[in-house]
Every structure is written in C-alpha cells, then in structure tokens.
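> Sequence:
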Amino acid sequence: MHWKTLKEARRKLAGEQGTIFKDWGGKLAIALVYPNTYSVGMSNLGFQAIYGLINRSESTVCERVFCEGHEPVSLESERPLGDFDALAFSFPYEQDYFNAVRLLKSSDIPPFVADRDKRHPLIIAGGAAVTANPEPLASIIDCFAIGEAEAILPHLIPVLSDGMESPREQLLNALAGIPGVYVPNVSRNPVGREAASDLSDFTTGSVVLTRETELGDMYLMEIARGCARGCRFCLAGYQFRPLRYRPVERLLEQARQGMEYRDRVGLVSAAISDHPQIDELVTGLRNMGAGFSVSSIRIKPLSETLLKGLAESGTKTVTLAPEAGSERLRQVISKGVSEDDIFRAAEKVAAHGFGQVKLYFMIGLPTETDDDAAEIVRLALMVKDIVEKHNSAARLTLNVTPFVPKAGTPFQWLPMSTPADLKHRLGLLNKGLSPRGIEVKTESFEWSTVQGMLSRGDRRIGRALEGMPKISLAAWHRALEETGIDPETVHREIPAGEALPWSVVDSGTSAERLRAEFERAMRCEVLTAKR
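In the numbering used here, the protein residues as written are 24 to 554.
Don't read these hints as lab results, they were simulated from the structure.
No experiment lies behind these values; they were computed from the predicted model shown.
For glycine and all other residues, C-beta sits at the position ideal for the given N, C-alpha and C.
Don't take each hint at face value.
Straight-line C-alpha distance at most 20 Å; calculated SDA-like pairs for lysine to any residue [unchecked claim]:
| id | residue 1 | residue 2 |
| --- | --- | --- |
| 1 | Lys35 | Gly75 |
| 2 | Lys493 | Glu91 |
| 3 | Lys464 | Ser318 |
| 4 | Lys381 | Met405 |
| 5 | Lys454 | Asp408 |
| 6 | Lys381 | Thr441 |
| 7 | Lys331 | Arg367 |
| 8 | Lys412 | Asp364 |
| 9 | Lys35 | Asn67 |
| 10 | Lys371 | Asp302 |
| 11 | Lys407 | Ser361 |
| 12 | Lys381 | Thr465 |
Quick list of the computed label-pair ranges, beta carbon to beta carbon [to be verified]:
| id | residue 1 | residue 2 | range |
| --- | --- | --- | --- |
| 13 | Ala443 | Ser223 | 21 to 31 Å |
| 14 | Glu39 | Gln379 | 43 to 53 Å |
| 15 | Leu404 | Ser100 | 53 to 63 Å |
| 16 | Gly200 | Ser526 | 14 to 24 Å |
| 17 | Met405 | Arg273 | 22 to 32 Å |
Start from the sequences, fold in the hints, and give me the full structure.
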C-alpha cells in the first residue's frame with residue numbers, strides 16, 4: 024500500500040469530529056463508497072446519513088471510501104475494498120459512474136457481476152441517479168436500493184448479515200424479496216421506490232464534521248424532503264415524493280446539538296422557503312445565536328424573515344432560480360413564477376444588502392429558441408438594475424447549465440440539445456451580458472451530453488464504462504464505438520410507446536401520467552398541481 028495513501032487518510036481523520044470506529048469482530052463489514060473526492064463526498068448529507076444509519080446497527084461496521092487518486096482504502100481502518108463483505112456505492116450523480124469502475128479495477132475486483140462470486144464483496148448501489156435508472160450499471164452492481172435508505176436499510180442489513188456465507192445466487196434471490204431492492208436478472212416486476220413515511224422518526228444531519236469541505240464551517244441538517252412544485256425537468260421533484268416536513272421543535276433541538284461543533288447551520292431541502300414553519304425556524308435559530316445558510320431560495324414564496332435572518336447571519340450571496348428567461352418557456356417547464364414574481368424577489372433580496380446575487384438558468388430547454396435566450400439577457404439586465412439601485416457595489420452573476428433529460432420525469436422522452444447549439448445560445452448570453460459586466464458561468468457541454476447518455480442509458484453503458492482505459496471524452500467516444508452505442512441518440516426524441524430501460528423501476532408516477540404532462544408542456548399548459 025502506498026505510504027502517501029495512508030498518510031493522507033490519517034491526516035483527514037485527524038481533522039474530523041464524530042468519526043465512528045468499531046471493532047470488526049463478528050460484524051458485517053460494509054464499505055460506504057462515495058466515488059468522488061473526500062471534499063465532495065463529505066459535503067453530501069445523504070452520504071453522511073447512511074454512514075450513521077449503517078453504523079447504528081450493532082451487527083455492522085461501516086467505513087468510508089473515496090476516490091482520491093491513490094489505492095482505495097477505507098478511512099477508518101485503512102483496509103482495501105476486497106476486505107469488506109459488501110461495498111455500498113452512493114450515486115447522487117451519473118458522472119461518478121466512471122470513478123466507480125475505476126475504484127473496482129484498482130482494487131482487483133472484477134467490474135462485472137458475471138465475473139464475481141462469494142469470494143468478492145457484494146456490490147450495492149443507491150442514490151438519486153440509480154433510483155431513476157439503474158440499468159446503465161446493471162451489469163456491474165449486484166443490487167440497487169431504489170428509494171430512500173431509511174426505508175430500505177432496516178430490511179436489507181439483516182438479509183446481508185444472514186446470507187453472506189450462502190452461495191451468491193441464493194443471497195441475490197433473498198435480496199430481491201426486499202421491497203425497494205432491484206436485483207438485475209432476478210427481480211421479476213418493476214421495483215417500487217421506497218420512501219420514509221415520517222421524517223419525525225429520525226434526524227438527518229452531519230454525522231462527521233470536517234473543515235475540508237466547501238461547507239466545513241456548518242452543521243448540515245435536512246428540514247424537509249421532496250417538492251410539490253412539479254417542475255417538469257426536475258428529477259428531485261419526482262423521485263423524492265411525497266413532500267414531507269420536519270417539525271420546527273425537532274429541528275431547533277437538532278440545531279442546538281449541532282452548535283456544540285459549529286456556530287452555523289446549513290439548512291438542506293429542495294424547497295427551503297416552502298416549509299410551513301420557516302419563519303419560526305429562522306427566528307429560533309437566530310434567538311439561539313446560530314448563523315445559517317441555504318443553497319438557494321424560492322422566488323415565490325419568499326419570506327422576509329428568511330432574508331433578514333440570512334443577512335444577519337453574514338450571508339454574502341443569494342441565489343434565485345428563474346430557470347428560463349421567457350414567460351412562455353417557464354410555462355413549458357411549469358416553473359410557476361412570473362416576471363413580476365422575479366422582479367419582486369430581486370427587490371426583496373437587494374433591499375437586504377447582499378453583496379452578490381446569482382441567477383440560475385438552463386439552456387437547451389424543450390421548444391427553446393434564440394428569442395428565449397434574448398429574454399434571459401433582458402431579464403438579467405433588469406435584475407441587475409434592481410440590485411444596483413439598492414447597492415451599487417453588488418454583483419450579479421449567472422449560472423447557466425444545459426437541460427439534461429432525466430428518467431422518470433415528464434421530459435424523459437425529449438432530446439438533448441447538441442453542444443454546438445448550446446454554445447450558440449451561450450454566445451448570445453455572453454454577447455448581451457458581458458458588456459454590462461455580468462459574468463456567465465457554465466459547465467462543459469460535452470460532459471453534460473455524456474450525463475444525458477448515462478441518465479437514460481441501458482445495460483450497454485456498463486460495457487462502455489468498463490472498456491475505458493482512462494476517464495476522458497476521447498476514451499468515452501472510443502468505448503461507445505466499440506460497444507456499438509450511437510452517441511447521437513441522446514439528441515433524438517424517444518417515440519411514445521418505445522420500451523424504456525428504466526421501466527424496471529416503478530417511481531410512483533405512471534408513464535401515462537408523465538406522458539400526459541409531457542403533452543401539456545408541448546401545449547404550454549401549466550401543471551395543475553398544488554403549488
């Protein structure tokens with residue numbers, strides 16, 4: 024084992040609070056793998072929650088593994104992956120599939136299920152990406168947790184503990200009988216997504232605290248799960264239903280405990296300002312002397328108490344997400360906010376003196392034209408004027424990302440724009456905004472296209488991933504060619520009625536309902552759902 028690997032692991036451990044060390048004797052040993060860097064993984068609240076949940080069982084020991092460029096070993100005991108009974112991969116994002124295969128190869132674990140037996144660790148995967156569509160990894164992963172860990176782990180762990188000595192086929196058959204567990208080639212019917220019925224039964228917050236993350240100065244806690252907005256592009260809005268809130272009393276008690284380690288609290292939810300007790304929560308946090316932060320805030324509703332609390336907490340940047348520039352396109356995606364709503368939100372934010380306002384937009388949305396891009400420019404310039412009216416030194420920036428169609432959403436059939444078209448639209452934005460000093464930040468359109476292929480891919484994707492000697496666009500395209508996958512399919516609409524790889528999963532929303540919502544989008548009809 025490389026000495027740099029051990030030195031780095033020990034350095035990270037020395038800077039942590041809350042690390043869980045357990046004796047291995049007689050326990051089911053699970054490596055919880057986040058196939059990205061330590062900094063990224065430790066910022067993920069879901070990953071932290073699973074670490075705590077698995078270790079809560081007296082019959083298990085769970086240690087963390089990250090993708091750091093050296094030989095992969097667990098952080099807690101410095102053991103290689105092959106020493107564990109099971110590897111549990113967390114996949115919030117599709118791009119981490121590349122690193123997962125790389126980790127297996129570097130640990131001398133055969134990537135394909137067909138090449139492994141009981142001598143090798145059982146490989147499990149969960150997270151938003153594979154809950155939506157597990158098929159790209161179905162030749163690599165033994166079983167998938169479809170849905171929320173809190174609802175699945177209490178049933179999964181006993182079966183693993185009892186069956187690790189059994190023949191692998193027998194264990195996989197037993198796992199396929201657990202609600203929410205998908206075992207490729209064994210599960211017969213679409214596997215339903217499992218969800219925790221009552222968030223009051225448990226807390227979800229930082230388990231291990233470290234300064235080596237972007238959010239290292241905060242104690243993170245989830246205040247709600249799910250979203251009732253029904254934006255047609257949004258995976259989170261469809262995969263984490265139903266919308267559930269945690270009561271403010273529980274949240275304030277959790278925050279008090281978190282303040283033993285940090286004086287700031289990071290509130291985590293897809294819909295922070297939709298929480299019915301958000302004002303009471305903010306007031307309670309401020310009364311106990313806690314600063315707090317949020318990732319973004321809703322344009323509507325927008326609580327004055329929330330904004331005031333953020334300003335008092337020293338927050339410098341506030342992010343608003345109009346998503347689309349034109350009223351027409353916001354109707355297509357069912358965003359549910361008007362131009363006046365956006366301007367009112369900008370006025371409220373600017374009045375509280377934040378030094379930077381970020382606007383989040385997508386380009387390449389269905390039915391988008393150059394006129395819609397021009398509307399982004401117009402809208403951004405008007406928001407800039409509003410912000411500078413209150414604070415001439417304030418900065419406005421735009422974060423612009425490509426629309427990537429996701430399985431299990433009403434837009435799952437739609438094509439993705441080509442990188443050339445996306446660059447054209449980005450050029451229109453830069454031409455209109457750069458002269459006014461507005462920075463436009465974006466990401467690689469080529470890699471976004473790869474994400475589009477991964478999110479709606481089938482089992483051939485696994486063969487392509489395994490065939491890549493390194494992680495690069497050139498290697499990806501060579502692997503696609505060798506596997507017989509046409510990279511242009513991501514830019515074509517999927518016909519209605521065509522078999523979808525992710526139909527092995529029952530997300531809770533029927534294909535008929537999703538298709539009906541798709542048709543409404545094409546007619547620019549706003550979703551008739553609770554807002």
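> Now tell me if each hint is right for this structure.
Structure-based check of all given hints:
no., hint, in the structure
1, Lys35 to Gly75, "holds, 18 Å"
2, Lys493 to Glu91, "holds, 15 Å"
3, Lys464 to Ser318, "holds, 17 Å"
4, Lys381 to Met405, "holds, 13 Å"
5, Lys454 to Asp408, "holds, 18 Å"
6, Lys381 to Thr441, "violated, 26 Å"
7, Lys331 to Arg367, "holds, 16 Å"
8, Lys412 to Asp364, "holds, 18 Å"
9, Lys35 to Asn67, "holds, 16 Å"
10, Lys371 to Asp302, "holds, 16 Å"
11, Lys407 to Ser361, "holds, 17 Å"
12, Lys381 to Thr465, "holds, 13 Å"
13, Ala443 to Ser223: 21 to 31 Å, "violated, 50 Å"
14, Glu39 to Gln379: 43 to 53 Å, "violated, 31 Å"
15, Leu404 to Ser100: 53 to 63 Å, "holds, 56 Å"
16, Gly200 to Ser526: 14 to 24 Å, "holds, 21 Å"
17, Met405 to Arg273: 22 to 32 Å, "violated, 41 Å"
The structure fails to meet hints 6, 13, 14, 17 from the earlier list, while all remaining hints are met.
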